[in-house]
Amino acid sequence: MMHHDMGASDSLAHRMPPMDMSMPMLPGLDDALPPVGPFLAGQEMDAMMFPEAVPREVAALADGDTLHLEATLVRRTINGKTFVMYGYNRQYPGPLIHVERGSTIIVHFTNNIELPTTVHWHGLRLDNRFDGVPGLTQAPVERGETFTYEVFFPDTGIYWYHPHMREDIQQDLGLYGNMLVDPKQDGYYSPVNREEVLVLDDILMDQHGIIPFGVEAPTHTLMGRFGNVMLANGMTDYRLSVKRGEVVRFFLTNVANSRTFNVTFGEAPVKIVASDVSKFEREVRVGSVPIAPAERYVVEVRFDEPGEVAITNSIQAINHFRGEFYPHVDTLGLVTVMEEPASPDYAADFDRLRDNDDVQRDIDAYRQYFDKPVDKELELTLRVKNLPVSIMLAMEIDTLYVPPMEWNDAMPMMNWLSTGTQVTWILRERGTGRENMDIHWDFKTGDVVKIRVFNDPKTFHPMNHPIHIHGQRFLVLEMDGIANPNLVWKDTAIVPVGSTMDVLVDMSNPGNWMAHCHIAEHLHAGMMLSFSVSDEEASR
Amino acid sequence: MRFIGNRLVPVVLAGLGLMLLGSSPMEPAIDPGGECAFTDPPEYYKIDLIATKRVPQARRSVGVAAVTFVPSPFGIAVSAKGHYVYDLAISIDNLRPSPKGVYTAWISTPNLDQIKRLGVLDDQMSIKGKVTWNKYLVIITLEPSDDASSKKWQGPVVLRGMSRSGLMHTMAGHGPFQQEPCATFGYY
Numbered sequence: 001m002m003h004h005d006m007g008a009s010d011s012l013a014h015r016m017p018p019m020d021m022s023m024p025m026l027p028g029l030d031d032a033l034p035p036v037g038p039f040l041a042g043q044e045m046d047a048m049m050f051p052e053a054v055p056r057e058v059a060a061l062a063d064g065d066t067l068h069l070e071a072t073l074v075r076r077t078i079n080g081k082t083f084v085m086y087g088y089n090r091q092y093p094g095p096l097i098h099v100e101r102g103s104t105i106i107v108h109f110t111n112n113i114e115l116p117t118t119v120h121w122h123g124l125r126l127d128n129r130f131d132g133v134p135g136l137t138q139a140p141v142e143r144g145e146t147f148t149y150e151v152f153f154p155d156t157g158i159y160w161y162h163p164h165m166r167e168d169i170q171q172d173l174g175l176y177g178n179m180l181v182d183p184k185q186d187g188y189y190s191p192v193n194r195e196e197v198l199v200l201d202d203i204l205m206d207q208h209g210i211i212p213f214g215v216e217a218p219t220h221t222l223m224g225r226f227g228n229v230m231l232a233n234g235m236t237d238y239r240l241s242v243k244r245g246e247v248v249r250f251f252l253t254n255v256a257n258s259r260t261f262n263v264t265f266g267e268a269p270v271k272i273v274a275s276d277v278s279k280f281e282r283e284v285r286v287g288s289v290p291i292a293p294a295e296r297y298v299v300e301v302r303f304d305e306p307g308e309v310a311i312t313n314s315i316q317a318i319n320h321f322r323g324e325f326y327p328h329v330d331t332l333g334l335v336t337v338m339e340e341p342a343s344p345d346y347a348a349d350f351d352r353l354r355d356n357d358d359v360q361r362d363i364d365a366y367r368q369y370f371d372k373p374v375d376k377e378l379e380l381t382l383r384v385k386n387l388p389v390s391i392m393l394a395m396e397i398d399t400l401y402v403p404p405m406e407w408n409d410a411m412p413m414m415n416w417l418s419t420g421t422q423v424t425w426i427l428r429e430r431g432t433g434r435e436n437m438d439i440h441w442d443f444k445t446g447d448v449v450k451i452r453v454f455n456d457p458k459t460f461h462p463m464n465h466p467i468h469i470h471g472q473r474f475l476v477l478e479m480d481g482i483a484n485p486n487l488v489w490k491d492t493a494i495v496p497v498g499s500t501m502d503v504l505v506d507m508s509n510p511g512n513w514m515a516h517c518h519i520a521e522h523l524h525a526g527m528m529l530s531f532s533v534s535d536e537e538a539s540r
Numbered sequence: 001m002r003f004i005g006n007r008l009v010p011v012v013l014a015g016l017g018l019m020l021l022g023s024s025p026m027e028p029a030i031d032p033g034g035e036c037a038f039t040d041p042p043e044y045y046k047i048d049l050i051a052t053k054r055v056p057q058a059r060r061s062v063g064v065a066a067v068t069f070v071p072s073p074f075g076i077a078v079s080a081k082g083h084y085v086y087d088l089a090i091s092i093d094n095l096r097p098s099p100k101g102v103y104t105a106w107i108s109t110p111n112l113d114q115i116k117r118l119g120v121l122d123d124q125m126s127i128k129g130k131v132t133w134n135k136y137l138v139i140i141t142l143e144p145s146d147d148a149s150s151k152k153w154q155g156p157v158v159l160r161g162m163s164r165s166g167l168m169h170t171m172a173g174h175g176p177f178q179q180e181p182c183a184t185f186g187y188y
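From first to last, the protein sequence lines are chains P and V.
Heads up: the first sequence is residues 1 to 540, going by the working numbering.
Heads up: the second sequence is residues 1 to 188, going by the working numbering.
Hints were generated in silico from the structure; no laboratory data involved.
Being a predicted model, the structure only gives us computed values, none of them experimental.
A hint or two may mislead.
As the list claims (entries may be wrong) - Taking CB as the label site, the calculated pair distances span:
(1) V:Ala183 / P:Asn386: 44 to 50 Å
(2) P:Ser343 / V:Asp123: 44 to 50 Å
(3) P:Arg285 / V:Asp40: 25 to 31 Å
Unchecked claim - Straight-line distance between alpha carbons at most 27 Å, and here's what the computed DSS-like set of lysine-lysine pairs gives:
(4) P:Lys458 / V:Lys152
(5) V:Lys130 / V:Lys151
(6) P:Lys458 / V:Lys46
(7) V:Lys130 / V:Lys46
(8) P:Lys458 / V:Lys130
(9) P:Lys444 / P:Lys372
(10) V:Lys152 / V:Lys100
Cβ atoms here follow ideal geometry from the backbone N, Cα and C, with glycine treated the same way.
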């Protein structure tokens, strides 16, 4: 990989992201820059002025406890480069909040970064006042200001918190953390030797440091900002040592701006247990775990063979210039399996694939709605203006074939130059033609709403979108007309290009909420809508 | 679509020509078969099957292979190596039975180095199967018998088509890269 050096590291200037220089530069774009100003955290200040961030610590909290959470500038060193990033409580990722289901905690949040921010508690069906959406549930928290959140944990599982303002910058620079919610009852999960909370991310760097962001609007708005350095729990060298035969339950979260990972654990057997807001109806064996931005999956892995197992992102990338797929593997971490046998031996429990009656009983109340007519229909599309002509020409050819998923940034120059001032990503309501925040839906508490989402493949630049619905939970009933045989409660689900997804939303939580694409650059290029759930009970 | 239209067919035919000359198929990377049901496959990824007109009973035949993800816990279905895992539902119209054999469906990588026999079309001239390649051909041939052990076809190709990904082609020599010589990048 080479680099077009367009500016010194210590000046606030755009630098072109690293790209494969075996591909020729698009004519006329050699000196092109995104039409937005550059932004880096703590720019023009010496990184040594800031405290060095430390690895995540666990904040084990009981019902009613208080956590002080502060967003600050920190010093980080990644791949030998030291620069300024952000951190919650100076940690990477932010503190792991560990609670029991049914708890409520108080979070006193202080903003000490240079941008206004909020904290969104992703996936929690909490009180709407504390959902952290600026302009909808609260005012932005300006630098030096505070906000107190009451965070309620109604569901077992793994959740995460992050800003809901300029996520493309703030989240990418380290403002994210997990919430691990334990079940109240024993036996909710199978017994395992160990639990690991693993946050997957990527970051875009060159030899000078982090590639600058856009000030007025995001850069990388066509495909989202893909990083070129993989991070697991904020590290490039995540390692885990286990004993032979050990069963590990991984709680996976993808916090990347745009990248969908296809996570593998070598040849170790893997079973999928749970996702965003619940367990699956049935555990099943899987060969890999495709996980889109903001999604979570809980998997159990047994490490039988002594030696080293690489946790990888294993994909078939696309070289758009050559028009080819090619295999690509990133190592996310290494697991060392020791000779010493694990004790206790949970092999028998691991081999048993559970039918989760509790989940099935919960879903039973909603099966009567599976065949109901579609209540709302959305199509996913975009509009562009003022993009360079050569990008328009290249896209005409590039989009002869559009893959269902973009696993890599195969056009980094074009992507970098496309900003939120030129690209509008759109949720369009069929029937009314309304778009994005001109859409507002009104529901009542207890409504069960079927929403159909179609990802239009015949647009200027079709792309997969992870759609997130705030404050509620939903089931993916069908994909392309095929019934989902193994349901799980979700808050975020991927819609591949060309596909139609039907979801059934349990409107159980009153308030004013958002739904949006969780590719950070798409969100900040408009791809969001709002809906209200009134306190009035629906007649069911 | 302007330049692809006259490139796709030669690619397919060149592949089929190689096959008839005798290639050495490798073990295909296909999941075991199973039931799949299609109600609304994505129009965008469906594969049109075009008749070769080599078989009298098939001269007016047209076919389609509907492509959907195999149901998976993740909504999308991909293999551990990152290949998409698809259900295929093949159906042919205007295809009359032939006294010379049975119509058999195959899938193959574009350069025919891997071939998988899906099976004989049913009475409705349809069949279902799975594929874990990102770019592939769908081929219907007229075989002398229903031989499940066949590694490659013996009879004439009746219809054929290519996955939508077959439209993906180098940008060298086209559009904004019109001045880039194809040969520099290995295309001749």
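Outcome of the hint check:
Our hint of 44 to 50 Å for Ala183 of chain V and Asn386 of chain P is violated, since their Cβ atoms are close to 35 Å apart. A C-beta distance of roughly 59 Å is found between Ser343 of chain P and Asp123 of chain V, which places it outside the suggested range of 44 to 50 Å. Between Arg285 of chain P and Asp40 of chain V the Cβ separation comes to about 28 Å, which falls inside the hinted range of 25 to 31 Å. A distance of roughly 36 Å separates the Cα atoms of Lys458 of chain P and Lys152 of chain V; the hinted pair therefore is violated under the 27 Å criterion.
A distance of roughly 17 Å separates the Cα atoms of Lys130 of chain V and Lys151 of chain V; the hinted pair therefore holds under the 27 Å criterion. Using a Cα cut-off of 27 Å, the hinted pair Lys458 of chain P and Lys46 of chain V holds, with the two alpha carbons roughly 14 Å apart. At roughly 14 Å between alpha-carbon atoms, Lys130 of chain V and Lys46 of chain V fall within 27 Å of each other, so this suggested pair holds. With a C-alpha separation of about 26 Å, the suggested pairing of Lys458 of chain P with Lys130 of chain V holds against the 27 Å cut-off.
About 17 Å separates the Cα atoms of Lys444 of chain P and Lys372 of chain P, which keeps this hinted pair within 27 Å; it holds. Between the alpha carbons of Lys152 of chain V and Lys100 of chain V the distance comes to roughly 18 Å, so the proposed pair stays at or under 27 Å and holds.
Figure legend: structure checked against the earlier numbered hints; hints not met, in rising order: 1, 2, 4.
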